[in-house]
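K.L.:
Two chains, two frames, a set of hints: combine them into the complex.
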Amino acid sequence: GAVVSQHPSWVICKSGTSVKIECRSLDFQATTMFWYRQFPKQSLMLMATSNEGSKATYEQGVEKDKFLINHASLTLSTLTVTSAHPEDSSFYICSASGGSGPYNEQFFGPGTRLTVL
Amino acid sequence: AQTVTQSQPEMSVQEAETVTLSCTYDTSESDYYLFWYKQPPSRQMILVIRQEAYKQQNATENRFSVNFQKAAKSFSLKISDSQLGDAAMYFCAYFGNEKLTFGTGTRLTIIP
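Chains A and B supply the protein sequences, listed in that same order. Read in order, the letters of the first sequence are residues 370 to 486 in this note's numbering. Read in order, the letters of the second sequence are residues 169 to 280 in this note's numbering.
The shape of chain B in the complex, shown without the other chains (with noise of 0.2 Å):
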């Protein structure tokens, strides 16, 4: 089974800073797919940015970008130029044998 991990429950960062947020996985196969998901208290689930792992190149959407090694199962979540908007939940999620799997979450604060 697919395991998704994200080490890190709770991240803060200052308005306009950077902020990486980490997520490994574990898989057998060779094609699948990755998410990042935002959840804002009013917990409707929105997507962030996926990336397809067939794809070298890392996806980028805006302030939004991730560091995708397949190599090392890796797939971590950069945030730009960090806005009081981004506070949420952030979960990462595979997916592969038609379903999602999502990661335990990390809880981002950003400090005014």
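Extracted from the complex, chain A is given alone in its bound form (with noise of 0.2 Å):
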């Protein structure tokens, strides 16, 4: 199957500190990446969807300003989450798909365990 990364892959930062987390596809074209949250022992919950080269679409009750998504190539989308506090702990997973069917698999990344202090 195809690979997705990101990094870092743990990150701890200070309250009111901004953390970028990147989603890489390393064999393929993404033309869509989707951002999920997963708080310990719950599911994920789709934060956001981004085609490469336009703006993300926020779930609702994701605060588009807090977590900033930029999708600028076929093989990378960023979330930065800014000013972080606390309550943003979390694991954040990305995935990526390609190609223009009525699905595309989802290929997910490994996953991002973010802790702000």
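One or more hints might be untrue.
To be verified - Distance condition first, Cα-Cα at most 30 Å in a straight line; then the derived BS3-like pairs of lysine-lysine: (1) B:K238 with A:K433; (2) B:K246 with A:K435; (3) B:K241 with B:K223; (4) A:K410 with B:K267.
Said to hold, decoys possible - The calculated label-pair distances, taken between Cβ atoms and stated as ranges, are: (5) A:H454 with B:Q224: 45 to 53 Å; (6) A:G468 with B:E183: 36 to 44 Å; (7) A:A441 with B:E185: 45 to 53 Å; (8) A:L445 with B:L252: 35 to 43 Å; (9) B:E183 with A:S423: 46 to 54 Å; (10) A:G468 with B:T272: 23 to 31 Å; (11) A:K433 with B:E183: 42 to 50 Å; (12) B:N230 with A:K433: 39 to 47 Å; (13) B:F232 with A:N420: 30 to 38 Å.
None of these hints come from the bench; they were simulated from the model. All C-beta atoms, glycine included, are put in the ideal place defined by N, C-alpha and C.
P.N.:
The structure is reproduced here in structure tokens:
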């Protein structure tokens, strides 16, 4: 299967700082990338969907000014958590898909654990 | 909005035995996709099996098979000959309106 990487795999930051997480598709062109959030012992919740070169579409309840998503190329999407606070501590997972069919398989990255002190 | 329900937060099975994980979903669409994902302790999401709603035949992948009941909106996963490496969180997921919706997950424990 296709490979998706995330960097960093874990990050600790102070409250009020911003953190950027990268998601890369290593061996395919990702026309669409997705960002999920997973709290401990809970399911994955979709935060936003981004298409290359377009603005991201955010799910209801997700603050677009706090979670900035950029999908500038077919292999890279970034999620920036601005002015992070302890409640933003979570596991963030990206996925990527390519193609133009009714369903294109999503390949998941290994996730990034964010801890805000 | 689509919802996915997994009513079994935890399940356990003896090694080499068979276990079935339940999933129900709610949708008004007629064409969609259903999935089972495995999330081991590494947290990497792994696709286990996929079912297209327009296909009546149940999907099978080696020891993994599904029982897809479209009218009942039910999509259960059967794991045969359970192995220690099957221990993980299992998420049922629905794809529609261009996005995946996940259930709350079932933690599967394999008893040696």
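K.L.:
It remains to establish, for every hint, whether it holds in the given structure.
P.N.:
Now the hints, each set against the structure:
| no. | hint | in the structure |
| --- | --- | --- |
| 1 | B:K238 with A:K433 | 36 Å, violated |
| 2 | B:K246 with A:K435 | 41 Å, violated |
| 3 | B:K241 with B:K223 | 14 Å, holds |
| 4 | A:K410 with B:K267 | 22 Å, holds |
| 5 | A:H454 with B:Q224: 45 to 53 Å | 49 Å, holds |
| 6 | A:G468 with B:E183: 36 to 44 Å | 39 Å, holds |
| 7 | A:A441 with B:E185: 45 to 53 Å | 50 Å, holds |
| 8 | A:L445 with B:L252: 35 to 43 Å | 37 Å, holds |
| 9 | B:E183 with A:S423: 46 to 54 Å | 48 Å, holds |
| 10 | A:G468 with B:T272: 23 to 31 Å | 29 Å, holds |
| 11 | A:K433 with B:E183: 42 to 50 Å | 47 Å, holds |
| 12 | B:N230 with A:K433: 39 to 47 Å | 42 Å, holds |
| 13 | B:F232 with A:N420: 30 to 38 Å | 32 Å, holds |
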